[in-house]
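Peer 1: With the hints as constraints, model all of the structure from the sequences given.
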Amino acid sequence: MRIIITAILFAGLFIAAFAAHAQKLPKVQKASVRAPENIKIDGELTEWNGRFQAYNRGNYLYYILSNDDTDLYLTVHVNDWIGDRKIFRGGITFTIVPSLKNEDAVSVTFPAIKKRADGLAELSGNPIFVYKTLKSDTIANSAKIDALIASSNNLIRKAYKEIYVTGIPGITDPFISVYNTQGIKVGTSFNKRLEYTYELAIPLKYLEAAISNAKSFKYDIKLNTDAIIKVKEVPFGPVLDLGPAVGPSSPDDLFLFNDTDFSGVYTLAKKQQ
Numbered sequence: 001m002r003i004i005i006t007a008i009l010f011a012g013l014f015i016a017a018f019a020a021h022a023q024k025l026p027k028v029q030k031a032s033v034r035a036p037e038n039i040k041i042d043g044e045l046t047e048w049n050g051r052f053q054a055y056n057r058g059n060y061l062y063y064i065l066s067n068d069d070t071d072l073y074l075t076v077h078v079n080d081w082i083g084d085r086k087i088f089r090g091g092i093t094f095t096i097v098p099s100l101k102n103e104d105a106v107s108v109t110f111p112a113i114k115k116r117a118d119g120l121a122e123l124s125g126n127p128i129f130v131y132k133t134l135k136s137d138t139i140a141n142s143a144k145i146d147a148l149i150a151s152s153n154n155l156i157r158k159a160y161k162e163i164y165v166t167g168i169p170g171i172t173d174p175f176i177s178v179y180n181t182q183g184i185k186v187g188t189s190f191n192k193r194l195e196y197t198y199e200l201a202i203p204l205k206y207l208e209a210a211i212s213n214a215k216s217f218k219y220d221i222k223l224n225t226d227a228i229i230k231v232k233e234v235p236f237g238p239v240l241d242l243g244p245a246v247g248p249s250s251p252d253d254l255f256l257f258n259d260t261d262f263s264g265v266y267t268l269a270k271k272q273q
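Using my numbering, you'd call the opening residue of the sequence shown number 1 and step up by one each time.
Hint data in this document are derived by calculation from the structure and do not stem from the laboratory.
Just so it is clear, the structure is predicted and the values come from calculations on it, not from any experiment.
Take these hints with a grain of salt, some might be off.
[Unchecked claim] Cut-off 27 angstroms, straight-line C-alpha distance, at most; resulting in silico cross-link-like pairs (DSS-like, lysine-lysine):
#1 K270 - K161
#2 K271 - K114
#3 K101 - K215
#4 K192 - K222
#5 K135 - K114
#6 K222 - K27
#7 K27 - K161
#8 K115 - K132
#9 K222 - K101
#10 K115 - K161
#11 K30 - K185
#12 K101 - K218
#13 K101 - K205
#14 K158 - K218
#15 K135 - K158
#16 K185 - K40
#17 K271 - K192
#18 K135 - K192
#19 K192 - K205
#20 K185 - K222
#21 K30 - K40
#22 K24 - K161
#23 K144 - K158
#24 K271 - K30
#25 K27 - K270
#26 K158 - K185
Peer 2: Take a look at the structure:
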């Protein structure tokens, strides 16, 4: 019994510390950050040790932008089930806004969900809602939760194997494999609380036109409400998906059924001498 009480207290202290840390963070990142030399695009937060640069409460996500001499990195951690659910309806779109109006924006969306039926919330097992039920008694359901996390990570890695890319010369088909030869990398995973982490690496050579000589650029992070191909499959053929019915909505519904985004400005971090 003492071990169980200690575990519960420790978990409560950890969550409280995490919440306190979130309150101290700005909504939009302000600093330039040099990426760790050991950075891996694997959906794990090991190399960051909780050192996020911003917490955007309206989108339920922590994030950090960083760079080295070759790549720009985006790391996103979602701390609420509804944020998870929205991501698997339409993915996260990261856009580099060009400094010159005649240049194309570079935009990367992952998961690249082509149809709503491909979203995780629609897949067999509905792991997000299963977890909500199990976590009511974390101790008793520990083994089930571990199995759910493992199966969910296996599920997303099998299900989402494409990235949607626009604005990069030479990429004519916007849907590219996660195993692409262009050097665009993504890594994802769920942690022990079924919170989603997403990492992205984009070679800086693709961003030269957008960033120009200023080494600073505007970016946008958007959580999409729907799949890239906005049609709904029904027995008598595809029809336009007009979204949720008009009427009273809860705050969660408003978040889930509307695109939400925020923007910031990032300056590339120089190599330390």
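Peer 1: Now look at each hint and say whether the structure bears it out.
Peer 2: To see whether the hints hold, each was checked on the structure:
1. K270 - K161: Roughly 33 angstroms between the alpha carbons, so the hint for K270 and K161 is violated.
2. K271 - K114: violated (39 angstroms)
3. K101 - K215: holds (17 angstroms)
4. K192 - K222: The given pair, whose Cα atoms are some 25 angstroms apart, holds under the 27 angstroms limit.
5. K135 - K114: violated (31 angstroms)
6. K222 - K27: holds (14 angstroms)
7. K27 - K161: Between K27 and K161 the Cα gap is close to 30 angstroms, so the pair fails against 27 angstroms, i.e. violated.
8. K115 - K132: Status holds; Cα separation ~25 angstroms.
9. K222 - K101: Distance of about 21 angstroms is within 27 angstroms: holds.
10. K115 - K161: holds (14 angstroms)
11. K30 - K185: Satisfied, since the Cα-Cα distance of roughly 24 angstroms is no more than 27 angstroms.
12. K101 - K218: holds (13 angstroms)
13. K101 - K205: The given pair, whose Cα atoms are some 19 angstroms apart, holds under the 27 angstroms limit.
14. K158 - K218: violated (33 angstroms)
15. K135 - K158: Holds, because 25 angstroms separates the two Cα atoms, which is no more than 27 angstroms.
16. K185 - K40: holds (10 angstroms)
17. K271 - K192: violated (35 angstroms)
18. K135 - K192: holds (11 angstroms)
19. K192 - K205: Violated, at about 36 angstroms.
20. K185 - K222: holds (18 angstroms)
21. K30 - K40: holds (23 angstroms)
22. K24 - K161: Roughly 36 angstroms between the alpha carbons, so the hint for K24 and K161 is violated.
23. K144 - K158: Holds. K144 to K158 sits at ~21 angstroms (cutoff 27 angstroms).
24. K271 - K30: holds (18 angstroms)
25. K27 - K270: holds (24 angstroms)
26. K158 - K185: Given that 27 angstroms is the threshold and the Cα spacing comes to 16 angstroms, the pair holds.
Checked against the numbered hints listed earlier, the structure breaks hints 1, 2, 5, 7, 14, 17, 19 and 22; every other hint is satisfied.
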